[in-house]
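So the chains spell out like this:
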Amino acid sequence: MTKKLDSFSSEDLMVKTAEEDEFAFEILVRRHQTSVLNLVYRYVGNKTKAKDLAQEVFIRVWRAAKRYEPKAKFTTWIYRITANLCLNELKSVKGKKLVQLESEHEDRQKTNFETHPNASRSPEDLLLAKERSRQVSEALQSLPENQRMALILKRYDNLSYDEIAKIMECSVSAVESLLVRAKRNLQEKLNFFKE
Amino acid sequence: MKCSQVQKRLSAFQDGELKPQEGERVNDHLESCSACRERYAEMEKVWQTLGDFKEILPEPEFYGQLVKKINYSDETRIPVRFSWFFQIFSSPWATATLLIAGILVGTFLGNILAKSDLFPFQQNQPAYSRAASEVFSLKVFDPIPPGTLADKYMRMASY
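From first to last, the protein sequence lines are chains A and U.
At position 148 of the first sequence (counting the first as 1) the number is 148 in this note's numbering, and the numbers step up by one without a gap.
At position 61 of the second sequence (counting the first as 1) the number is 61 in this note's numbering, and the numbers step up by one without a gap.
It should be emphasised that the hints constitute simulated quantities derived from the structure, not laboratory data.
Treat the hints with caution; some may be incorrect.
The calculated label-pair distances, taken between Cβ atoms and stated as ranges, are [claimed, not checked]:
no., chain 1, residue 1, chain 2, residue 2, range
1, A, L90, U, E42, 26 to 32 Å
2, A, S160, U, M1, 21 to 27 Å
3, A, S142, U, V105, 54 to 60 Å
4, A, R60, U, K19, 35 to 41 Å
5, U, K19, A, N84, 27 to 33 Å
6, U, K19, A, A64, 32 to 38 Å
7, A, A174, U, K19, 17 to 23 Å
8, A, L90, U, L113, 35 to 41 Å
9, U, P20, A, N88, 35 to 41 Å
10, A, R60, U, L98, 28 to 34 Å
Virtual Cβ for every residue (Gly too), placed ideally from N, Cα, C.
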């Protein structure tokens with residue numbers, strides 16, 4: 001049953017999910033969990049919070065399955081849910097101090113997430129890579145919300161301006177403008193990487 | 001193309017979002033202009049640096065935890081068969097109507113109770129002192145409670 005469903009498109013799996021087919025939902029989650037988790041993680045900069053929000057995205061997918069229209073591309077639809085959740089999450093913590101980035105060491109103590117293993121690298125290289133990752137994350141977190149979302153969708157998910165516009169519910173020219181500003185801001189913030 | 005025009009389109013060029021003709025013109029300009037080429041190289045460097053923010057993998061128990069959350073939230077949610085009731089009474093007007101209806105029904109039931117002989121002091125008055133009866137009696141809610149100055153005035157006026 002599961003093997004047969006594996007060959008289904010996400011849109012078809014969603015139709016099955018609307019019929020409360022739990023196998024279809026499981027395949028759908030396993031297929032998209034990494035991309036959703038990383039979109040949230042790069043946006044909020046905190047692994048524990050990212051996991052909770054990513055699960056919240058899939059809870060919404062489960063509940064909204066009956067309202068889903070197969071004419072909409074599934075990835076656009078789920079990214080729109082994710083983007084809205086991220087933006088609302090930030091609104092809810094506005095006024096409070098934003099979540100501080102946890103160091104990789106602290107993070108590993110709290111969760112069991114794994115980054116991609118790379119056995120060929122020396123401990124020094126790994127440490128340096130983690131530090132660079134943290135600095136890039138900090139630079140991303142310092143961007144205004146919409147610029148950050150547009151940039152993550154372009155850089156890490158390689159989506160077109162048109163898709164980003166649909167996800168963020170704005171015009172293509174607005175996306176272009178957001179990306180120009182985001183890149184300019186990052187250029188200033190990541191100046192120290194120039195050697 | 002002028003440098004200022006090219007620099008405005010560099011971001012879209014980098015993202016592969018320019019139409020082929022415009023893309024070629026920007027490319028030609030970059031080959032001939034070292035200032036714009038340098039600017040583009042910096043943009044590329046930042047883009048590559050962003051690649052240092054590594055992807056994370058979900059925990060193996062991600063799906064299991066998700067199912068638990070869904071089951072828990074389904075248990076605590078309003079059953080679907082009653083959801084129509086909460087949908088109807090979600091608007092402020094419907095809530096106000098419900099509140100007014102509640103007040104009217106409460107008043108009606110209160111009057112029935114006041115008129116019926118449900119209270120022990122009304123059935124066996126001598127067992128209670130006059131003061132206690134007055135305190136407990138629902139007659140204190142009358143517009144002119146007996147024994148008050150207003151009651152005496154009304155009696156005088158009725159002669």
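Hints, one by one, checked against the model:
{"no.": "1", "hint": "A/L90 to U/E42: 26 to 32 Å", "verdict": "holds (29 Å)"}
{"no.": "2", "hint": "A/S160 to U/M1: 21 to 27 Å", "verdict": "holds (24 Å)"}
{"no.": "3", "hint": "A/S142 to U/V105: 54 to 60 Å", "verdict": "holds (59 Å)"}
{"no.": "4", "hint": "A/R60 to U/K19: 35 to 41 Å", "verdict": "holds (37 Å)"}
{"no.": "5", "hint": "U/K19 to A/N84: 27 to 33 Å", "verdict": "holds (31 Å)"}
{"no.": "6", "hint": "U/K19 to A/A64: 32 to 38 Å", "verdict": "holds (37 Å)"}
{"no.": "7", "hint": "A/A174 to U/K19: 17 to 23 Å", "verdict": "holds (19 Å)"}
{"no.": "8", "hint": "A/L90 to U/L113: 35 to 41 Å", "verdict": "violated (55 Å)"}
{"no.": "9", "hint": "U/P20 to A/N88: 35 to 41 Å", "verdict": "holds (39 Å)"}
{"no.": "10", "hint": "A/R60 to U/L98: 28 to 34 Å", "verdict": "holds (30 Å)"}
Hint 8 from the list above is the single one not met by this structure.
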